[in-house]
Amino acid sequence: MRPLKDMELSQETIAKIDARVEKYPTKRSAALPLLHLVQEEKGYIPDEAIEWIAKRLELNPINIYEIITFYPMLKRKPMGRKHVRVCRTLSCALRGGYQVCKSLQEQLGCKLDETSANGEFSIEFVECLASCGTAPVIMVNENHHENMDEEKTIALCRELKKNTT
Amino acid sequence: MPEEHRIILKHADEPDYTRDIDCYLKHGGYEILQKAFKMKPDEIHQEVMDSGLRGRGGAGFPTGLKWKFLDRKSGKPIYLVCNADESEPGTFKDKQIMYKDPHQLIEGMIISAFSIQAKQAFIYIRGEFFEGARILEEAIEEARAKKFLGENILNSGFSCDIVVHRGAGAYICGEETGLIESLEGKRPYPRIKPPYFPAVLGLYQSPTIVNNVETLCNVKHIVEMTGKEFSKIGSPGNTGTRIWCVSGHVQKPGYYEFPCGGLTMGEMINEVCGGLMPGRKLKAIIPGGSSAKVLRADERFKGKLKDGSEFDWGIWDIPLDFDGPAAAGSMSGSGGIIIMDDSTDIVQALSNITAFYAHESCGQCTPCREGVQWMRKISKRMCGGDAREEDADLLLSIANQIEGRTICAFGEAAAWPVQSFVDKFKDEFKAYAETSPVSSESGDKQLV
Ligand SMILES: Cc1cc2nc3c(=O)[nH]c(=O)nc-3n(C[C@H](O)[C@H](O)[C@H](O)COP(=O)(O)O)c2cc1C
Ligand code: FES
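Protein sequences, first through last, are from chains A and B. The opening position of the first sequence corresponds to residue 1 in my numbering, with each subsequent residue numbered one higher. The opening position of the second sequence corresponds to residue 1 in my numbering, with each subsequent residue numbered one higher.
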């Protein structure tokens with residue numbers, strides 16, 4: 001097997017990881033939280049993280065790998081700096097979620113399930129975000145945007161494009 | 001118009017109410033915890049039994065009875081897990097509680113943990129609630145600083161801590177044994193029952209109680225007002241309030257808290273929610289999250305209630321409690337009421353739902369793993385202009401082969417919408433085969 005680079009993590013993340021592992025009766029329970037912490041810093045789960053976390057929790061790499069491949073929120077590739085999640089499920093669709101998704105793709109110049117060439121945006125469909133009373137709903141990174149319509153979508157996209165790095 | 005009766009959401013939307021502990025304390029926060037510590041754990045359990053409280057997570061299982069099943073002889077530690085996965089499509093009530101009044105949940109959890117004698121509790125919260133997880137962690141820190149959590153809480157001799165654990169976007173983590181596997185750091189493959197009833201062999205093979213957010217908040221109010229008083233809200237077998245989540249084609253979608261049976265479906269939709277969109281007629285209602293069987297606007301529901309009385313309801317007459325939607329052949333489930341008006345293309349709506357279950361099946365049981373994919377493919381093909389005469393029956397036969405043949409209730413959750421949509425709207429499914437419309441050209445809003 002190809003030797004893996006050691007993973008570099010910030011002191012802050014390392015401290016969070018140490019505190020996390022302490023919280024559980026078994027080390028293995030910390031697997032998902034550690035994956036979240038790595039993804040928060042790196043933007044995705046790099047190869048070396050699999051072995052690193054397995055070692056840290058005294059598990060085999062497969063125990064980590066099988067979790068990563070199960071959960072939709074864990075990513076193996078970097079997402080756009082602005083990661084747009086659009087709710088696809090019924091209550092949002094009934095109120096125009098698909099139209100919002102179409103409009104987002106046009107405005108941001110980024111296709112569904114893709115990342116724009118400049119690495120700025122990704123758009124993906126997700127399932128019910130538990131905000132169906134204010135449908136249609138989308139998320140940009142960690143924040144919900146509710147009651148979306150064409151006008152709000154255009155305004156939001158303008159804002160997002162203004163803040164490109 | 002029926003008036004809301006807010007117990008759980010009493011303060012949540014008050015203009016001056018904030019989610020920090022000082023505001024909570026000002027409103028009598030943690031006083032019930034002090035009252036609880038003057039009682040014996042079994043006395044609290046008895047109050048919960050007397051209250052008739054039923055779980056708010058979906059199945060409506062009596063909470064007191066669930067706690068009674070705890071295996072106390074094993075000598076293993078007991079765990080309390082709050083199910084905050086809130087992933088049933090159409091449901092958004094737990095979010096209101098956690099984001100606006102997190103300490104209510106924490107107080108309810110400490111009281112519940114004391115009653116079942118759990119020293120370690122977890123809140124399993126869905127991954128997309130980034131902010132919700134932060135809010136809960138901050139609230140837990142605040143509570144710990146005031147000695148409501150940690151070692152020897154308020155000198156009661158009882159110690160307890162709560163850990164917030166985030167999921168990562170998988171619906172199956174709402175199923176309690178899948179949740180437990182996820183919390184153990186594994187793939188969330190649900191466990192088979194028996195033997196893995198959480199109350200006997202749960203988290204780390206130890207006795208574990210899994211309860212929904214709203215359920216655990218209710219425990220606080222039961223201790224406050226006594227189980228007997230609580231049982232007077234609503235009706236026997238359907239006690240307390242419920243937070244209903246209304247979404248879809250209504251003027252005022254939202255969450256509304258009412259005593260169980262305090263209003264009918266018609267009052268909820270036509271009065272509380274301001275009615276349907278102008279000029280529209282009702283087509284169908286899903287009364288308890290997308291897993292519940294759909295109800296057709298012009299159906300009559302007849303039968304006998306638990307108390308022996310006969311009923312003959314139209315859709316608007318269904319009482320909103322646990323038993324009403326069940327008597328009508330569906331369920332109140334998670335309380336998520338999805339309204340579809342006559343602009344809805346029913347085949348597309350089902351196709352939207354089958355895509356959800358196809359995305360969320362954990363893949364453990366063959367009938368479910370394979371069946372949900374076929375149901376998605378067939379319904380999607382129908383919407384793509386290639387609907388066939390035999391599709392309705394084919395969909396039914398697949399759904400029938402999933403139901404009852406899986407480890408967990410996800411199988412039913414995936415089969416019930418298909419069975420009910422196809423059965424109740426067979427005319428539309430058959431008509432599709434004749435006209436074969438292409439999805440974007442039919443219906444007001446694209447659903448697939
Ligand atoms: C597929 C599936 C998904 C579920 N999702 C949730 C959920 O998101 N939240 C929840 O509280 N219960 C959910 N449940 C129900 C739980 O398994 C469990 O019954 C519930 O958390 C128990 O709490 P209660 O007794 O307080 O209702 C789900 C069940 C199934 C079969
Ligand atoms: S359906 Fe979109 S938030 Fe529930």
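The set of hints was computed from the structure by calculation and includes no laboratory data. Incorrect hints may appear among the rest.
[As the list claims (entries may be wrong)] The following label-pair restraints were derived from C-beta to C-beta distances:
1. B:S159 - A:I14: 46 to 56 Å
2. B:E4 - A:T26: 41 to 51 Å
3. A:P78 - B:G303: 50 to 60 Å
4. B:F311 - A:N163: 51 to 61 Å
5. A:N141 - B:K146: 43 to 53 Å
6. B:E43 - A:K102: 50 to 60 Å
7. B:E138 - A:T26: 47 to 57 Å
8. A:D149 - B:K38: 48 to 58 Å
9. B:G385 - A:N118: 50 to 60 Å
10. A:K162 - B:P194: 55 to 65 Å
11. B:K252 - A:N143: 22 to 32 Å
Glycine included, every Cβ here is placed at the ideal spot set by N, Cα and C.
Numbered hints the structure breaks, given as an ascending list: 1, 5, 7 and 9
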